[in-house]
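*Asks:* Residue strings, one per chain:
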Amino acid sequence: MTQVFELWIEYWPMLAAGLATTAWICALATMIGIAVGLLLACLDGARSTILRRTVRAYIEIMRGLPILILLFVLYYGGPGIGLRLNAETVGVLGLGFYGAAYFAEIFRSGFHSIPKGQIEAARMAGLSAGQIMRHVKLPQMLALITPPMVNQIIILIKESAVLSIITVAELTKNTAQFVNETYAVVGPYLAAALLYWLLVEAVALLGRTVERMVRY
Amino acid sequence: MATVSLIYDNLPMLLWGAGITVLVSGVAIVLGMPLGLVLCFGLTSSRAWVRHLSRLYQSVWRGTPILVQLLIIYYLLPFLGLNVPPVLAAIIALTLNTVAFQAEIFRGGLLAIARGQMEAARMVGIRKWTARRHVLVPQIFRLVIPSLVNETISILKNSSLVSVIAVTELMRVSQQIVATTYRPFEIYIAAAVIYIAVNFLLSLLGRAAEQRLARGV
Numbered sequence: 001m002t003q004v005f006e007l008w009i010e011y012w013p014m015l016a017a018g019l020a021t022t023a024w025i026c027a028l029a030t031m032i033g034i035a036v037g038l039l040l041a042c043l044d045g046a047r048s049t050i051l052r053r054t055v056r057a058y059i060e061i062m063r064g065l066p067i068l069i070l071l072f073v074l075y076y077g078g079p080g081i082g083l084r085l086n087a088e089t090v091g092v093l094g095l096g097f098y099g100a101a102y103f104a105e106i107f108r109s110g111f112h113s114i115p116k117g118q119i120e121a122a123r124m125a126g127l128s129a130g131q132i133m134r135h136v137k138l139p140q141m142l143a144l145i146t147p148p149m150v151n152q153i154i155i156l157i158k159e160s161a162v163l164s165i166i167t168v169a170e171l172t173k174n175t176a177q178f179v180n181e182t183y184a185v186v187g188p189y190l191a192a193a194l195l196y197w198l199l200v201e202a203v204a205l206l207g208r209t210v211e212r213m214v215r216y
Numbered sequence: 001m002a003t004v005s006l007i008y009d010n011l012p013m014l015l016w017g018a019g020i021t022v023l024v025s026g027v028a029i030v031l032g033m034p035l036g037l038v039l040c041f042g043l044t045s046s047r048a049w050v051r052h053l054s055r056l057y058q059s060v061w062r063g064t065p066i067l068v069q070l071l072i073i074y075y076l077l078p079f080l081g082l083n084v085p086p087v088l089a090a091i092i093a094l095t096l097n098t099v100a101f102q103a104e105i106f107r108g109g110l111l112a113i114a115r116g117q118m119e120a121a122r123m124v125g126i127r128k129w130t131a132r133r134h135v136l137v138p139q140i141f142r143l144v145i146p147s148l149v150n151e152t153i154s155i156l157k158n159s160s161l162v163s164v165i166a167v168t169e170l171m172r173v174s175q176q177i178v179a180t181t182y183r184p185f186e187i188y189i190a191a192a193v194i195y196i197a198v199n200f201l202l203s204l205l206g207r208a209a210e211q212r213l214a215r216g217v
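Protein chains in written order, with the UniProt record's numbering: chain E, 1 to 216; chain U, 1 to 217.
Here are the computed distance ranges between Cβ atoms for each label pair:
1) U/A112 to E/T209: 25 to 35 Å
2) E/G80 to U/D9: 11 to 21 Å
3) U/L56 to E/E211: 18 to 28 Å
Chain U side only, calculated, beta carbon under 7 Å to chain E, not exhaustive:
4) G63
5) T64
6) P65
7) L67
8) I72
9) K157
10) F185
11) A192
12) Y195
Just so you know, the hints here were simulated from the structure itself, not pulled from any lab data. In this text the structure is predicted, and so the values were computed from the model without any measurement. For glycine and all other residues, C-beta sits at the position ideal for the given N, C-alpha and C.
Just chain E, with the same shape it has in the complex (with noise of 0.2 Å):
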């Protein structure tokens, strides 16, 4: 056991590096994600057909498909048709337009919980449609969407582990290069369990601080 600790002090500034890449490929996505989501989500509630058609599709493959397959399409097939990027862009292109999915039904579901009643009386008291989506939308919004938007990002961090196997140096693919270099197993990878926990655990953290700010 004392063993276990020694290697794991040995390999901190490894172990560390990994965490830190793996937080701001998480921090990127996450923000690609949010923003790719909202316009999907709002491109659902428009007119035309063929655009509502196009985004429920783009939802239900994404949704469908597992996000391995979506970075070997990006990162192996990639340049066959012309798209060459290095192993952190797709990872964080990947992550981001695979999360924007299911960041896309949080916002939609939001969207759909507030009554058509509330608007047409926000209207008739004279609110403007800037008035009416600051005051009458967002609130209820927020609170209501804020506890699902925290348990997708704390997914997309768990995803990002899967970045590993297309090369990216980031927690599990730096605990990989700590297993090859000591020939210990479990104790690496425990310790990598136990920084995704940690991590995981600040983000959950910090989303019940930002819930109790979007209560209303």
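Dock chain U against chain E, hints included.
*Replies:* For chain U alone, coordinates are given in the frame of chain E:
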């Protein structure tokens, strides 16, 4: 044209891989159900230590990436002197993971059932586990089918990760085909289509089961 024949030639292998994918995830989901129910009753137990232990299990398995869990199980088993084939290690890892998620799903269903039912069953002298099995479990299942279908889809997608421990399921088979044909784009798209088709079928089945059970109420 070349693409069509490429896919056509490799289709039997891809479908074989898809079969293994369905088998591995199916076994994990089915094994996960009774264990998930036990964990669900653990989460809602009146004994504090049972509750805490159940929550710890759940927190660990839901809070870490399934890929890391898979690698730990895969390397841990031989370390413990158990030399199991990769496919078994994969099933064990997926099962232990889905148990934590299914328990949460079942807990949601359990909360929707009136407490009085269990109290009434206990009052007339039915043992706790007998009452749970005959009174609660059938109702829980009826309530949670949509979530259970979602979990099955999630496990099916996550089963693509067992390719890293050399289980020749759909993902691994695709990689093998790519290694000999050098056509990653077409092959991986074909695999993607198969995954989407299987998941689509699953959601259809789920909807049918939901309707059937809804009539039975």
